[in-house]
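> Now for the letters of each chain:
Protein chains: 2
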Amino acid sequence: MRLAELSERSGVSTATIKYYLREGLLAPGRQINTTTAEYDEEHLRRLRLVRAMIQVGGVPVATVREVLDHVDDDSLPRTIRLGAAMWALPQVPEPDEEDEFVRAAHHEVSALLEQLGWENAKRLSTISPAYRSLVVSVAAFRRLGYGWGAELMAPYAELMHRTAVLDLDNMETHPSEEERIEFAILGAIINEPILQSLHRLAQEEETARRYGFDE
Amino acid sequence: MRLAELSERSGVSTATIKYYLREGLLAPGRQINTTTAEYDEEHLRRLRLVRAMIQVGGVPVATVREVLDHVDDDSLPRTIRLGAAMWALPQVPEPDEEDEFVRAAHHEVSALLEQLGWENAKRLSTISPAYRSLVVSVAAFRRLGYGWGAELMAPYAELMHRTAVLDLDNMETHPSEEERIEFAILGAIINEPILQSLHRLAQEEETARRYGFDE
Numbered sequence: 151m152r153l154a155e156l157s158e159r160s161g162v163s164t165a166t167i168k169y170y171l172r173e174g175l176l177a178p179g180r181q182i183n184t185t186t187a188e189y190d191e192e193h194l195r196r197l198r199l200v201r202a203m204i205q206v207g208g209v210p211v212a213t214v215r216e217v218l219d220h221v222d223d224d225s226l227p228r229t230i231r232l233g234a235a236m237w238a239l240p241q242v243p244e245p246d247e248e249d250e251f252v253r254a255a256h257h258e259v260s261a262l263l264e265q266l267g268w269e270n271a272k273r274l275s276t277i278s279p280a281y282r283s284l285v286v287s288v289a290a291f292r293r294l295g296y297g298w299g300a301e302l303m304a305p306y307a308e309l310m311h312r313t314a315v316l317d318l319d320n321m322e323t324h325p326s327e328e329e330r331i332e333f334a335i336l337g338a339i340i341n342e343p344i345l346q347s348l349h350r351l352a353q354e355e356e357t358a359r360r361y362g363f364d365e
Numbered sequence: 151m152r153l154a155e156l157s158e159r160s161g162v163s164t165a166t167i168k169y170y171l172r173e174g175l176l177a178p179g180r181q182i183n184t185t186t187a188e189y190d191e192e193h194l195r196r197l198r199l200v201r202a203m204i205q206v207g208g209v210p211v212a213t214v215r216e217v218l219d220h221v222d223d224d225s226l227p228r229t230i231r232l233g234a235a236m237w238a239l240p241q242v243p244e245p246d247e248e249d250e251f252v253r254a255a256h257h258e259v260s261a262l263l264e265q266l267g268w269e270n271a272k273r274l275s276t277i278s279p280a281y282r283s284l285v286v287s288v289a290a291f292r293r294l295g296y297g298w299g300a301e302l303m304a305p306y307a308e309l310m311h312r313t314a315v316l317d318l319d320n321m322e323t324h325p326s327e328e329e330r331i332e333f334a335i336l337g338a339i340i341n342e343p344i345l346q347s348l349h350r351l352a353q354e355e356e357t358a359r360r361y362g363f364d365e
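Line by line, the protein sequences are chains A and B. Counted the way our numbering counts, the first sequence spans residues 151 to 365. Counted the way our numbering counts, the second sequence spans residues 151 to 365.
Since the hints were derived computationally from the structure, they do not count as laboratory data. Misleading hints may appear alongside valid ones.
[Unchecked claim] Simulated pairs of lysine to any residue, SDA-like, Cα-Cα distance not exceeding 25 Å:
1. A:Lys-168 / B:Arg-292
2. B:Lys-272 / A:Gly-362
3. B:Lys-272 / A:Pro-343
4. A:Lys-168 / A:His-220
5. B:Lys-272 / A:Arg-359
6. B:Lys-272 / A:Phe-363
7. B:Lys-272 / B:His-256
8. B:Lys-168 / B:Tyr-361
9. B:Lys-272 / A:Arg-360
10. A:Lys-272 / B:Phe-363
11. A:Lys-168 / A:Thr-185
12. B:Lys-272 / A:Glu-342
13. A:Lys-272 / A:Pro-243
14. A:Lys-168 / A:Ser-225
15. B:Lys-272 / B:Ile-230
16. A:Lys-168 / B:Tyr-296
17. A:Lys-272 / B:Tyr-296
18. A:Lys-272 / B:Tyr-361
19. B:Lys-272 / A:Gln-346
[Unchecked claim] A short, non-exhaustive set of chain A residues, derived as facing chain B with CB atoms under 10 Å:
20. Gly-179
21. Ile-182
22. Thr-213
23. Thr-313
[What the hints assert, rightly or not] Per the computed footprint, the stretches of chain A lying under chain B, defined by three or more beta-carbons under 8 Å from a beta-carbon of chain B, are:
24. 200-212
25. 283-292
26. 300-312
27. 349-360
Predicted model, so just to flag it, every value in this text is computed and none were measured. Beta carbons: idealized from backbone N, C-alpha and C, even for Gly.
With the hints as extra help, turn the sequences into a complete structure.
Written as structure tokens, this is what we have:
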């Protein structure tokens, strides 16, 4: 398809598509003469993904490029390519290991992983942004006097694991490796508002079931 | 306790406590003479909550006051007081009901609630910010060519419902109504980073379980 059709089918203006092409977020089309290039379904899919990251996920252009560079590098192990989206997200600053609350949080999160038998997460803990952001959040709560210990977190972690199993099951319904990786990016970066809304809606439902409206 | 002790026990500076008192986020202490007031455990608890909302949750001062006004208004039904935190969160703008993607999203979310048997959420749907933000997110995805239909959402919603059951079970371990409501605010506004981190950690764990590190 030509640029105009790519624009129409994606709902993204031709000016924006040209900008993405210049920024390297979209591979060049197949040049059919000096002024015209031809695009295919893969361009359309990639364009939708870029659009979703920028527009729905609020991801900066430089980060989008960084994510896509990892995704497209098939010399990387699959786990790393699939994780690329998360690894390129805004990083939580390194917590201060001298801080007593950070140390306590590390302790609780380690105990949690131990209790759950999450061997891989343990192995990744020194480099994982998810691990680091959990430690930072737990430390922030502890500093305010709210304990989020391993015991309290474990049942939540089990439910989040079941959520992750669903994420990956859904991902595996996609036939090609490319589509799977794109789906993983969506899962990591932009499906979160859906989950968050579902959680809040469920809180409303459960609260009303327990206490009604008329007390 | 005096102001100095309240400051020490909460880790909040006396200047900040005075600011919260002036802004009405904290009830005045019991005046024991013209220059000295006495504070109790309830002040400490409320101060921690205010601090958590502002510092960890990034909630603006005016919103904190609005939330606390609802929470402290015991003429309101319990479900509404417990929901106050969510209702005072930054509101997603009203979606454009003429938009075809918004209409499709409404249709899917209604079908979802029907399928789940969430009668209360259905009843609250015209006023619930959680419902509205779900519709807005689903519409945004659909516009980009990603379908989040009722079938795909239902298993996630079931897991989020189990998460909400945990939230409320934990809340009910607190003895007083005041503490329960404060716990509900924490659950609605600021526990989300913990859940999000647990979800991402679980995605890493599950990805590594399925695909290892060395392919």
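> Are at least 3 residues of the stretch 300-312 of chain A within less than 8 Å of chain B when you compare beta carbons?
Our answer is that it holds, as 9 residues pass the Cβ test (under 8 Å) against chain B, meeting three.
> Hint A:Gly-179 vs chain B: min CB-CB distance below 10 Å?
Violated: closest Cβ of chain B sits about 19 Å from A:Gly-179, beyond 10 Å.
> Given the proposed pairing of B:Lys-272 with A:Phe-363, does the C-alpha separation stay at or below 25 Å?
14 Å, holds
> Would you check the hint for B:Lys-272 and A:Arg-360, treating anything up to 25 Å between C-alpha atoms as holding?
16 Å, holds
> Are A:Lys-272 and B:Tyr-361 close enough, with their CA atoms no more than 25 Å apart?
Cα-Cα ~16 Å, so holds.
> For the pair we were handed, A:Lys-168 and A:Thr-185, check the Cα-Cα distance against 25 Å.
Holds, at about 13 Å.
> Can the restraint linking B:Lys-272 and A:Pro-343 be considered satisfied, given a maximum Cα separation of 25 Å?
Judged against 25 Å, a Cα distance of about 20 Å means the pair holds.
> Under 10 Å, Cβ to Cβ, is where A:Ile-182 needs to be relative to chain B, so tell me if that hint holds or is violated.
With a minimum Cβ separation of about 25 Å from chain B (threshold 10 Å), the hint on A:Ile-182 is violated.
> Could you grab the alpha-carbon distance between B:Lys-272 and B:Ile-230 and see if it respects the 25 Å cut-off?
The hint holds at about 15 Å.
> Please verify whether B:Lys-272 and A:Gly-362 have alpha carbons no more than 25 Å apart.
14 Å, holds
> Take the stretch 283-292 of chain A, compare each residue's beta carbon with every beta carbon of chain B, and decide whether three or more fall closer than 8 Å.
The restraint on the stretch 283-292 of chain A holds, since 6 of its residues have a Cβ under 8 Å from chain B and three suffice.
> Taken at face value, is the distance from the CA of B:Tyr-296 to the CA of A:Lys-168 at most 25 Å?
23 Å, holds
Consistency note: the structure conflicts with the earlier hints numbered 8, 14, 17, 20, 21 and 22.
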